[in-house]
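Asker: My request is simple: use the sequences and hints to build the entire structure.
So the protein sequences, as listed, match chains A and B. All residue numbers for the first sequence refer to our numbering, where the first residue is 54 and numbers rise by one. All residue numbers for the second sequence refer to our numbering, where the first residue is 54 and numbers rise by one.
To be clear, the hints were calculated from the coordinates, so they are not data collected in a lab. It is possible that part of the hints are untrue.
Copies of the same chain are indistinguishable here, so a pair counts whether it falls within one copy or spans any two.
Below, simulated PhoX-like cross-link-like pairs (lysine-lysine); rule was C-alpha separation at most 25 angstroms, straight line [as the list claims (entries may be wrong)]:
1) K202 <-> K114
2) K202 <-> K90
3) K114 <-> K90
4) K114 <-> K192
None of these values were measured; they are calculated from a predicted model.
As a plain string of letters, each chain reads:
Number of protein chains: 2
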Amino acid sequence: MSKVVEAEKNGSLYLDDLRVGQRFTSGSHALSADRIKAFAAEFDPQPFHLDEVLASQSVFKGLAASGWHTAAITMRLLVDGGMPIGDGIVGVGGEIAWPRPTRPGDVLRVETEIMEIAPSRTRPDRGIVTIRCETRNHKDDIVQTLLAKVVVPRRTVPANDSIERAL
Amino acid sequence: MSKVVEAEKNGSLYLDDLRVGQRFTSGSHALSADRIKAFAAEFDPQPFHLDEVLASQSVFKGLAASGWHTAAITMRLLVDGGMPIGDGIVGVGGEIAWPRPTRPGDVLRVETEIMEIAPSRTRPDRGIVTIRCETRNHKDDIVQTLLAKVVVPRRTVPANDSIERAL
Chain A
54 MSKVVEAEKN GSLYLDDLRV GQRFTSGSHA LSADRIKAFA AEFDPQPFHL DEVLASQSVF
114 KGLAASGWHT AAITMRLLVD GGMPIGDGIV GVGGEIAWPR PTRPGDVLRV ETEIMEIAPS
174 RTRPDRGIVT IRCETRNHKD DIVQTLLAKV VVPRRTVPAN DSIERAL
Chain B
54 MSKVVEAEKN GSLYLDDLRV GQRFTSGSHA LSADRIKAFA AEFDPQPFHL DEVLASQSVF
114 KGLAASGWHT AAITMRLLVD GGMPIGDGIV GVGGEIAWPR PTRPGDVLRV ETEIMEIAPS
174 RTRPDRGIVT IRCETRNHKD DIVQTLLAKV VVPRRTVPAN DSIERAL
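Answerer: Below you can see the structure in the form of structure tokens.
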């Protein structure tokens, strides 16, 4: 097994292991009407996220999850192995879009692709990696796209590894 | 009281009531370490969002809220009067950034400005409004910026209002 494949399995990829075009797939997350309503009650208490009847009369034509709920589930799927970065996923920001509502019964997964790798100009121990994350439901519809910039550390090079490289 | 001021107080502004440069301020939301950890346990279970000691050794140098928690609180503040749109706040997407971590004890508020108003080309009953939302803590530091596109319906013009306008 190559070092990179091994590191990916252990959830410990570093800047040096990443390549533009590399892809990752998360596990899955099933969403219920109860969870949609509970998230909305706390963070986005609007009728179309809280009540089936009112939602059916709204622009959503049925109960829909808050976009921020879809975003939060996407993060959970990335943390649970969808984006196996060594020191954790630290985002500085990104562009988000919800082309389609997330519905009760949807089973979500996240497909991630490395779009750009930019070593830091001021901090040689890290870089900024742009990832594109598509959150899809079980019908393969895209419910969210997220183009995110994340901070990724370089792997610390062990002493004898440096010696080997110098040879 | 002007019609627009009255509509703003009732949380019922429509496309016709909005002007570029118009500004709104939300109420406030105090964030505790317990809430930061509870959100993280569900949606972003990484050490720097869950444990003070591990967080102090991380890039955050102390417990920090998940960016998606800050985003969700921002939405709650907008829904609770920070962005008083008549038929609810329906976002199609946007650009988000977290220039600084949100910490336990932070009291957050959202300052919103209307940046652009684009009537829909295909649906005459609505438009897309670009809003810039700055989420600030009690020290006035910006912890999140969000440039969001939201769908805003036109006000239905009552019959005698039309007559007055025609005169």
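Asker: Now look at each hint and say whether the structure bears it out.
Answerer: So, going through the hints one by one against the coordinates:
{"no.": "1", "hint": "K202 <-> K114", "result": "between (34 angstroms within a copy, 20 angstroms between copies)"}
{"no.": "2", "hint": "K202 <-> K90", "result": "between (30 angstroms within a copy, 23 angstroms between copies)"}
{"no.": "3", "hint": "K114 <-> K90", "result": "within (16 angstroms within a copy, 34 angstroms between copies)"}
{"no.": "4", "hint": "K114 <-> K192", "result": "within (18 angstroms within a copy, 42 angstroms between copies)"}
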